[in-house]
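Asker: Read top to bottom, the protein sequences are chains A and B. Under the numbering used here, the first sequence has 112 at position 112, and the numbering climbs by one with no breaks. Under the numbering used here, the second sequence has 164 at position 164, and the numbering climbs by one with no breaks.
Careful, some of the hints might be misleading.
Because identical chains cannot be distinguished in the list, a pair is counted as satisfied if it fits within a single copy or across any two copies.
Said to hold, decoys possible - With a Cα cut of at most 25 Å, we get these calculated DMTMM-like pairs of lysine to aspartate or glutamate:
no., residue 1, residue 2
1, K228, D86
2, K254, D51
3, K111, E147
4, K228, E66
5, K254, D189
6, K111, E258
7, K243, D130
8, K228, D247
Source of the hints: derived by calculation from the structure; they are not laboratory data. Remember, it's a predicted structure, so these values are computed and weren't measured experimentally.
2 protein chains.
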Amino acid sequence: MPNVCKKQREKWRHIKDLDIPQCSHGQVELLLGANVSEAVIQQEVRLFDGDTYTYTYLVGDRSTGEAALIDPVIDQVTRDLQVVSDLGLTLKYAVNTHMHADHVTGSGLLKQHVPSCRSVIAAASGARADVRLSAGDIVTVGGLQLETRATPGHTNGCVSYVLHAAGLVFTGDAVLIRGCGRTDFQEGDSGTLYDSVHREIFSLPDHFTVLPAHDYRGFTSSSVAEEKTLNPRLTLSREQFIKFMEDLKLDYPKYIDEALPANRACGLQELSSNHRALFEKLSAARA
Amino acid sequence: MPNVCKKQREKWRHIKDLDIPQCSHGQVELLLGANVSEAVIQQEVRLFDGDTYTYTYLVGDRSTGEAALIDPVIDQVTRDLQVVSDLGLTLKYAVNTHMHADHVTGSGLLKQHVPSCRSVIAAASGARADVRLSAGDIVTVGGLQLETRATPGHTNGCVSYVLHAAGLVFTGDAVLIRGCGRTDFQEGDSGTLYDSVHREIFSLPDHFTVLPAHDYRGFTSSSVAEEKTLNPRLTLSREQFIKFMEDLKLDYPKYIDEALPANRACGLQELSSNHRALFEKLSAARA
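Isolated chain A, as found in the complex (with noise of 0.2 Å):
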């Protein structure tokens, strides 16, 4: 893996120090102070898993090859794997914004295939992990900061990921497009997450782009002024919204039994045959 992210870096070398404003992937050119010389070459991806709508964020830094990956996907390793590699980048964090009940989480797989990277979870999530992150703490991936926001309420450990320089927001379950996580098991509060939302979301700038770990309409991004604005439940006042998700009857989500065991070892449980052969697979492959 290192030999060919260190292969594939010199395709990009060409590319590192053009004027960008937006472009691969959501790639944004970011400027550490005012000497464009200290550029940090911002590598952001956007991946979806059309099995559990789950999106997976990929955020890396070109000018020194660190990446994280937000919400990996057990089934989804091969590709992100791959992504990371084509993009010449070196995986550093597998980070988790919650303890999800709908996919078993990618940070077990993926550090048994990159030794180096460190799985990271927030500390109230209950979850083991590597790193476990409180309200304020940041995680650095090369010259990018992701600022870690407590957003309780779908669950009491949800925490949102804020990139600043980027204007970007992981939000996790806390807030999706036009909608919001649910908050009927998992230690789930609807007063929790309506205030969680609006005092570290919905405080920040207008046009921060909403990137949330889910959507199942096909969205794929909003924003800080849409979500304020549009979200039909969010939008409502705090005792219309209680009564708004009082009043949902969703199905059990068709993973837990599988998922919430799994990712409350962040990953390193015992694989199931399914994802033993995955692992399998993958060993081969590199091999």
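Once you have looked at the hints, place chain B on chain A.
Answerer: Only chain B this time, still in chain A's reference frame:
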């Protein structure tokens, strides 16, 4: 619809003049000339249809309220009209990159609900439409200009649209992410596809974002640099590419028998019973 747009536009006035390098839905601020007072506030929304794996793109100018949908899907017309309305835009054009064989274009249904909307496709496609384009023609949406580039090979009427000011190219089925459209029907020709992509797409600046009509693996965008260096088909020699495409054994497209006759009329055909029901549902909702 016009009243809704007007009302919704009020919601957006407060963020119209923000300095936003990159935000909602890949939204960027484009400066025409050096005068900030002449800024065109662009809206660019990426939407996905999970049944046909089709990306539909909304491109709009928030300073004039004009918008165009690129490659709309008939089953997603309700969603797409809602997004246009939510963002305070009015649909001027329903644009297609080519005569699709895998889904029915939303052009006809959109025209029935937005009388001022005009359907747009390349004359070489052989399809009927209000506007039939030739290479070099410019599609103007407010202050935005989409350049039409002929990229035949998947079909002989395929075009790509280049939004130079934002560094975006909508490639239809000519360039897919790490792939390309099939060339085994609809006057497909592998050599023609190889030549047109290398001439019209790979000649664009490396940092331009490639936005295809489909993706089947959860990728959402790419760049000219990535496809020039990483596309496993289009990085082959011309002869190798032709052989590779000849050797593909692909299934018969599942919707081709419904899609081709419908798309030849650019959505202006007699609607199927399903789509008739959708049309009536939409009509009722607007009443």
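Asker: Could you run down the list of hints and mark each one as holding or not?
Answerer: Taking the hints in turn, this is what the structure says about them:
In this assembly of identical chains, K228 and D86 lie within 25 Å of each other by CA distance solely across copies; the values are 12 Å between and 37 Å within a copy. Both within a single protomer and between protomers do K254 and D51 lie at most 25 Å apart by alpha-carbon distance, with minima of 11 Å and 20 Å respectively. For the homomeric pair K111 and E147, the shortest alpha-carbon distance inside one copy (23 Å) is at most 25 Å, but the shortest distance between copies (45 Å) is not. Only between protomers do K228 and E66 lie at most 25 Å apart by alpha-carbon distance; the minimum there is 23 Å, versus 33 Å within a single protomer.
Within a single copy, K254 and D189 get their C-alpha atoms as close as 21 Å, which meets the 25 Å cut-off; across copies the closest is 44 Å, which misses it. Taking the shortest Cα distances, K111 and E258 sit within 25 Å of each other inside one copy (20 Å), while across copies they are farther apart (47 Å). For the identical chains of this complex, K243 and D130 are neighbours neither inside a copy (38 Å) nor across copies (48 Å), given an alpha-carbon limit of 25 Å. In the homo-oligomer, the alpha carbons of K228 and D247 lie at most 25 Å apart inside one protomer (22 Å), although the nearest pairing across protomers, at 52 Å, exceeds that limit.
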